[in-house]
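*Asks:* Sequences are here, hints too, so could you generate the full structure?
Protein chains in written order, with numbering that gives the first Met the number 0: chain A, 0 to 245; chain B, 0 to 245.
What the hints contain is simulated information worked out from the structure, not anything from laboratory work. Everything numeric in this text was worked out from a predicted model, so none of it was measured. Check each hint, because a few of them may be wrong.
The list makes no distinction among identical chains, and a pair is therefore deemed to hold if it is satisfied within one copy or across any two copies.
[Said to hold, decoys possible] Below, simulated DSBU-like cross-link-like pairs (lysine-lysine); rule was C-alpha separation at most 30 Å, straight line: (1) LYS106 - LYS231; (2) LYS20 - LYS193; (3) LYS61 - LYS162; (4) LYS162 - LYS133; (5) LYS231 - LYS20; (6) LYS193 - LYS231; (7) LYS85 - LYS193; (8) LYS61 - LYS168; (9) LYS20 - LYS162; (10) LYS85 - LYS205; (11) LYS133 - LYS106; (12) LYS133 - LYS20.
Protein chains: 2
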Amino acid sequence: MNRVTAAILVIGDEILSGRTKDANSGYIAEYFTRIGIETREIRVVADDETAIVEAVNFLREKYDYLLTTGGIGPTHDDITADCVAKAFGVGIAEDPRALALLLERIKPEDLNAARRRMARIPDGAELVANPISKAPGFLIGNVVVMAGVPAIMQAMLDDVAPKLVTGAKILSEVIETQGLPEGAYAAGLEALAKEFRDVSIGSYPKLVDGRFHNQVILRGRDEALLALATGKTRAMLAEVSARHRL
Amino acid sequence: MNRVTAAILVIGDEILSGRTKDANSGYIAEYFTRIGIETREIRVVADDETAIVEAVNFLREKYDYLLTTGGIGPTHDDITADCVAKAFGVGIAEDPRALALLLERIKPEDLNAARRRMARIPDGAELVANPISKAPGFLIGNVVVMAGVPAIMQAMLDDVAPKLVTGAKILSEVIETQGLPEGAYAAGLEALAKEFRDVSIGSYPKLVDGRFHNQVILRGRDEALLALATGKTRAMLAEVSARHRL
Numbered sequence: 000m001n002r003v004t005a006a007i008l009v010i011g012d013e014i015l016s017g018r019t020k021d022a023n024s025g026y027i028a029e030y031f032t033r034i035g036i037e038t039r040e041i042r043v044v045a046d047d048e049t050a051i052v053e054a055v056n057f058l059r060e061k062y063d064y065l066l067t068t069g070g071i072g073p074t075h076d077d078i079t080a081d082c083v084a085k086a087f088g089v090g091i092a093e094d095p096r097a098l099a100l101l102l103e104r105i106k107p108e109d110l111n112a113a114r115r116r117m118a119r120i121p122d123g124a125e126l127v128a129n130p131i132s133k134a135p136g137f138l139i140g141n142v143v144v145m146a147g148v149p150a151i152m153q154a155m156l157d158d159v160a161p162k163l164v165t166g167a168k169i170l171s172e173v174i175e176t177q178g179l180p181e182g183a184y185a186a187g188l189e190a191l192a193k194e195f196r197d198v199s200i201g202s203y204p205k206l207v208d209g210r211f212h213n214q215v216i217l218r219g220r221d222e223a224l225l226a227l228a229t230g231k232t233r234a235m236l237a238e239v240s241a242r243h244r245l
Numbered sequence: 000m001n002r003v004t005a006a007i008l009v010i011g012d013e014i015l016s017g018r019t020k021d022a023n024s025g026y027i028a029e030y031f032t033r034i035g036i037e038t039r040e041i042r043v044v045a046d047d048e049t050a051i052v053e054a055v056n057f058l059r060e061k062y063d064y065l066l067t068t069g070g071i072g073p074t075h076d077d078i079t080a081d082c083v084a085k086a087f088g089v090g091i092a093e094d095p096r097a098l099a100l101l102l103e104r105i106k107p108e109d110l111n112a113a114r115r116r117m118a119r120i121p122d123g124a125e126l127v128a129n130p131i132s133k134a135p136g137f138l139i140g141n142v143v144v145m146a147g148v149p150a151i152m153q154a155m156l157d158d159v160a161p162k163l164v165t166g167a168k169i170l171s172e173v174i175e176t177q178g179l180p181e182g183a184y185a186a187g188l189e190a191l192a193k194e195f196r197d198v199s200i201g202s203y204p205k206l207v208d209g210r211f212h213n214q215v216i217l218r219g220r221d222e223a224l225l226a227l228a229t230g231k232t233r234a235m236l237a238e239v240s241a242r243h244r245l
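*Replies:* Next up, the structure:
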């Protein structure tokens, strides 16, 4: 089955300081799972040219798509568009299409140098619409550049997603282990993971009020195979559970 | 002023699928800011040996510390300890100290092969205490390996933090821009950023009910310099505000 991969690059000192919690990467990852794109890596880097250029070039080479969030506003710390142009080795200039979009929201007399920065788009990029505050993101090669403000990023993702090539959807099944400790079913789960190489089987512990509530999650692209693996996993867990409660 | 840097490596397919939202990296970043360690990069990788080993080796070389979360439980997808040993080129074996800790919680007859996996610690590592469920994390070289379950990770961080070398604390000042758009103060902010090279000045837009509520955040290690830059930024914003509302 065909597989399409992606990386997400979150750009911003405020995330690294811990002051702002990144919600964008989780949102994109979930969205991509739904449409059949597999997120393989997420990185957060500072508002630093070298860090951004290196990460963009590494990730766009390694994965089918790279999505970035943050750093495309009007202030001096918004350097993403310039860094992406540098990474691609192309020029960057004020884009008449982007300028026209800004003028839908900003009065001509208010369109100062800082605001015009938001119309700087790398050569050859396609615009990504921003229905909320107009200043567009863009798509260049396999890289999608979006805003950091969650509501704007989400609207941009809705705009660009139909243009992306997607693969077979990754289906998943969740099994609640009803209080069973991981150590009780780990051996059984490992045997099943070896039997079903094309199904990814994981165990996810969660602590609620000091007690573990674990989930086993099976993920795969082949519905029939996933159903078979899930059935066998349920049977294994039921057996462990019966023994465990003896 | 002395500077200590760190990277955070989050390990787990469930984060990349978007099903589980990573809260650990934001928690650690905030904690580190408070104690004087500067997080410079965050990465999320899959439960995949090559991906983990490469990320561990790259990040531990580049930064003063690397903290990892996830992948140290008893199931087959918990491969972090083995990957870290491989990254360091050291052996890994059942550690009697770790085994003794497990036996504080697990009855000897229940200590099966899967659970014993949690006692596998790379050669030369120091243990990191887990007051919640006993299975320890560890510290090897400049790498701290912790659990992925947030409550356990947080307890482990409390245990290991006093052992870490810290730098000058990064102080910050937050200025609410009272509804001013970024484009109105961007030029003034850029001039101040150039004047105060040792203060990092950022503008952070936030959208609430369709309106921007932006903050300017100044960060630096020198209290007097930070106070000076903050005073000048407030004055600049007041001036812009007066003009803006004319």
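*Asks:* Does each hint hold? Answer for all of them.
*Replies:* Outcome of the hint check:
no. : hint            : in the structure
1   : LYS106 - LYS231 : between (64 Å within a copy, 28 Å between copies)
2   : LYS20 - LYS193  : between (37 Å within a copy, 27 Å between copies)
3   : LYS61 - LYS162  : within (20 Å within a copy, 37 Å between copies)
4   : LYS162 - LYS133 : within (19 Å within a copy, 49 Å between copies)
5   : LYS231 - LYS20  : between (39 Å within a copy, 28 Å between copies)
6   : LYS193 - LYS231 : within (13 Å within a copy, 63 Å between copies)
7   : LYS85 - LYS193  : between (45 Å within a copy, 22 Å between copies)
8   : LYS61 - LYS168  : within (21 Å within a copy, 37 Å between copies)
9   : LYS20 - LYS162  : both (29 Å within a copy, 26 Å between copies)
10  : LYS85 - LYS205  : between (43 Å within a copy, 28 Å between copies)
11  : LYS133 - LYS106 : within (13 Å within a copy, 62 Å between copies)
12  : LYS133 - LYS20  : both (24 Å within a copy, 29 Å between copies)
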